[in-house]
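Engineer: Assemble chain B onto chain A, guided by the hints.
Here the protein sequences come in this chain order: A and B. Number 160 in the working numbering belongs to position 160 of the first sequence; there are no gaps in the numbering. Position in the second sequence (first residue = 1) + 1000 = the working numbering.
Hints in this document: simulated from the structure, not taken from any laboratory. Everything numeric in this text was worked out from a predicted model, so none of it was measured. One thing to keep in mind: the hints can contain errors.
[Stated by the list, open to error] Short derived list, chain B residues pointing at chain A, Cβ under 8 Å:
(1) ALA1033
(2) GLU1058
(3) PHE1062
[Unchecked claim] Here are the computed lysine-lysine pairs in the DSSO-like style, where the Cα-Cα straight-line distance is at most 30 Å:
(4) LYS1052/B / LYS47/A
(5) LYS1175/B / LYS260/A
(6) LYS17/A / LYS1309/B
(7) LYS1123/B / LYS61/A
(8) LYS61/A / LYS231/A
(9) LYS257/A / LYS47/A
(10) LYS92/A / LYS61/A
Just so it is clear, CB atoms sit at the ideal spot from N, CA and C, and this is done for glycine as well.
Spelled out from the first residue to the last, the chains are:
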Amino acid sequence: MFFRLVADSFGRRPRHKLLTGAALALGMGVATAALSVALDVGDRLAKEFRSLGANLVVTPKADSLPLEIGGVDYRPVNAGAYLPEKDLPKLKTIFWHNNIVGFAPILEVPVQAWTPPSQTAFTPRISNETTLIGIWARHTVAIPDGGNFVTGAEKTNPWWQLDGQWFTEGFSECVVGKNLARKNRLQAGDVFSVSERANSAAAVALKVTGILSTGGVEDDAIVAPLSVAQKLARKPGVYRKLYVSALTKPEDAFARKDPKTMTPVEYDRWFCTPYISSIALQISEELPGTDVRVIRRVAEGEGQILTHVQMLLWLVTLAAMLAAALAVGASSAASVIERQVEIGLMKALGAGSGTVGFLLAAEQLLLAFVGGGVGYALGIILARLLGEKIFGAAPEPTLLVFFVVIGLAALVTLLGSAIPLRHASRIEPAPILRGE
Amino acid sequence: MMELRKPNRAMFWRILRRLLGANRGRLFVMLLALGAGAAVTAALLNLQVDAKRRLTTEFRSFGANIVVAPSNAHDSATSLTALLNENVVPSIETQAGRSGVVAPFLFVVGRVQKGDGTLIPKKQDQTDVVIVGTSLYELPLVEPGWRVPTPFYFEGIPSNVCFLGQRTAQALNAKDGDTLDLFYGSHTEQLEVIGTVSAGGAEDNQIFVQLATAQRLSGLSGQVSLVQISYPGSPTQIRSFLANLAAAVPNADVRPVTQFTEGEARIYNRISGLLTATVGIVLLLTALCVMAAMTNVAIERKMDVGLMKAIGGATRRVVRLFLAEAALLGLAGGLIGAALGILLSIGLGKAVFGVAARPRLIVYPVAVGLTMLVAILSAFPLRRLASIRPASVFRGEA
Chain A
1 MFFRLVADSF
11 GRRPRHKLLT
21 GAALALGMGV
31 ATAALSVALD
41 VGDRLAKEFR
51 SLGANLVVTP
61 KADSLPLEIG
71 GVDYRPVNAG
81 AYLPEKDLPK
91 LKTIFWHNNI
101 VGFAPILEVP
111 VQAWTPPSQT
121 AFTPRISNET
131 TLIGIWARHT
141 VAIPDGGNFV
151 TGAEKTNPWW
161 QLDGQWFTEG
171 FSECVVGKNL
181 ARKNRLQAGD
191 VFSVSERANS
201 AAAVALKVTG
211 ILSTGGVEDD
221 AIVAPLSVAQ
231 KLARKPGVYR
241 KLYVSALTKP
251 EDAFARKDPK
261 TMTPVEYDRW
271 FCTPYISSIA
281 LQISEELPGT
291 DVRVIRRVAE
301 GEGQILTHVQ
311 MLLWLVTLAA
321 MLAAALAVGA
331 SSAASVIERQ
341 VEIGLMKALG
351 AGSGTVGFLL
361 AAEQLLLAFV
371 GGGVGYALGI
381 ILARLLGEKI
391 FGAAPEPTLL
401 VFFVVIGLAA
411 LVTLLGSAIP
421 LRHASRIEPA
431 PILRGE
Chain B
1001 MMELRKPNRA
1011 MFWRILRRLL
1021 GANRGRLFVM
1031 LLALGAGAAV
1041 TAALLNLQVD
1051 AKRRLTTEFR
1061 SFGANIVVAP
1071 SNAHDSATSL
1081 TALLNENVVP
1091 SIETQAGRSG
1101 VVAPFLFVVG
1111 RVQKGDGTLI
1121 PKKQDQTDVV
1131 IVGTSLYELP
1141 LVEPGWRVPT
1151 PFYFEGIPSN
1161 VCFLGQRTAQ
1171 ALNAKDGDTL
1181 DLFYGSHTEQ
1191 LEVIGTVSAG
1201 GAEDNQIFVQ
1211 LATAQRLSGL
1221 SGQVSLVQIS
1231 YPGSPTQIRS
1241 FLANLAAAVP
1251 NADVRPVTQF
1261 TEGEARIYNR
1271 ISGLLTATVG
1281 IVLLLTALCV
1291 MAAMTNVAIE
1301 RKMDVGLMKA
1311 IGGATRRVVR
1321 LFLAEAALLG
1331 LAGGLIGAAL
1341 GILLSIGLGK
1351 AVFGVAARPR
1361 LIVYPVAVGL
1371 TMLVAILSAF
1381 PLRRLASIRP
1391 ASVFRGEA
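Just chain A, same shape as in the assembly (with noise of 0.2 Å):
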């Protein structure tokens, strides 16, 4: 009977039916695609900040003071420590090593430069006093448990512009900065000779691959693979400086307390956590004798947005769940006002206020687990498609999400039809019947 009684009010007033439970899927949608970009967006967000480069440099521990103005080191070759090449692939060895998702070492050499490509620095000079920065362009690197990852200034300053090719590791090849190129006249593959400036016997041959625009130091440079750096330098199998580039966690007020007055839990959720402290923390354990700080001004910039703009979408996301709560639960209290009528027959004919209370109820969640199932699947289409146009990729539908939403369902219906449901349960069945 009581089935038939629910059947019933669903079959004879379908188009009735039919728009609460439009409205609630709408609403849940809504909620849906909401949660949806809100529990995805931090990861996003965190991959889009990496286009600003490396947040943390690593450099020698016994260093003397680097004497580096606007990125140009101006120590002689000679001075100064530096860090072996070999020991790089550890990197990705760290316990956060899928963070990681670039690394480049660096080695600056002042250099002079002529052409044509000659072994005497009598021919027409390009500059006498210029820099050869040694870095890895697409660098394939074999990690110690199997499987190669390719990194480079690529990964680590991704917005270095190239007109041309990359140079090719192993080749005397390189690029030349912008403004360089322009006062000489240089492009893509004139050959020109360099040599370290104080040592001009040991020259090599280089060939222009293209040209590069920075907006720093390297539009005034050469870049060259690191071998031929290391060449020039004298100084094989080492670099100066590294850059990392590292997904993290926006530092919160337990980042910021120091490691070392941690207690052991602490510090093991510390370190389990991939701050960009304990990102650095980790690195300068495989790296021994190596300093790593934290590029402050991409990596303090970065948190702080991130942060805010996870709780702005959090806000939003509120609002829409709010919104459509509210919507529904008022076209649910709308249902239930209007069937006076039906409450007064059903009274009269003896059903409690409990029976009759309980069939609305029933018929309420019924359609508030229809309603917030096709809600569910509208909103995982609608978040797909502005996961896709914003961020080119996805959120990942996740089951939590689902719960959520169909709790939030059922509740909200349920609450919107109780008041309504007990100012029925007070009425009296005779004037209602009467049409009064």
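Structural biologist: Here is chain B on its own, set in the frame of chain A:
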């Protein structure tokens, strides 16, 4: 004619009043749906406009995004030699206005030793170091991302103090309150350390002093190496600022810090796209939900329509009556809801960015208008009531 219309109009309003007052529950439900819709609309619109503006300010935690350098800065690799006249700074400040931060920098390579009060150079204790002359007051403003102490002096920061880069401090084994001796050629300066800078870049190896001190030490009075500017704005605003600035300082090279301008533009577009899309969809579906709720109520008005038609109401006038009711409800719901929404967004703005969102007046009428539109649209299914035959309604047929 006029006499006839007057009582008609009075009657119209009278019926409207009764329609609204007839069923308190229904009135409440409709107002709730419309008001909630209006509140969400107003709050989201206001928050969205404000968030985009706040975001451009937030980006300034990346530090300077524009650099003005001498146009021949990199003729030779020793950019130390190329200098700008200090008098470009005021004209840049005029261009940057109040929202931008302008900081001049002068770089010189000098020698430093831990002071013992004698100012006698001792070769074995000395280290080569990059001395940066700038405004110590503006340094934390132009680079909020760095860990820079904020010095506090009533009469401005004196010229005999300095900040040490983190690694310089380590190398010299110096702490706050120590004295340092700086040497450049035959010039010397004696400075007190008042703080340590942690930047994670070359800055960690430098010493920061007041611009005037660096100029005195190096004998380069009135000269700066470059000027850094932190200018908030959307990518388009920054582009136009760059063009204006280049015209204002013709003999210098104005260039964006590509690393940050490019990345920022990218992230700004992503986030603002995300916000616009989410807010747009939420608004659309809020409207649909409100409409669904309203329509549900409206369909139940058959009795009223039947009665009106039975006593001779023309369909057009009946529909107009219901549209007027919807518009009135929309106005009331919108006025209350939008006001609440704007208040809400002020609080939300404070919660997210720590600064209360500035309410935009334009949002209010827009939100009220949208609500009325939705209310009127949702009364449209009533047009179907035109085909109602009064007799069948009263007989209780559907």
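Engineer: State for each hint whether it applies.
Structural biologist: Taking the hints in turn, this is what the structure says about them:
1. ALA1033: At 4 Å from the nearest chain A Cβ, ALA1033/B passes the 8 Å test, so the hint holds.
2. GLU1058: holds, 5 Å
3. PHE1062: Holds: closest Cβ of chain A sits about 4 Å from PHE1062/B, inside 8 Å.
4. LYS1052/B / LYS47/A: Between LYS1052/B and LYS47/A the Cα gap is close to 20 Å, so the pair holds against 30 Å.
5. LYS1175/B / LYS260/A: holds, 21 Å
6. LYS17/A / LYS1309/B: holds, 28 Å
7. LYS1123/B / LYS61/A: holds, 23 Å
8. LYS61/A / LYS231/A: Holds - the C-alpha atoms of LYS231/A and LYS61/A are around 24 Å apart, at most 30 Å.
9. LYS257/A / LYS47/A: holds, 26 Å
10. LYS92/A / LYS61/A: holds, 21 Å
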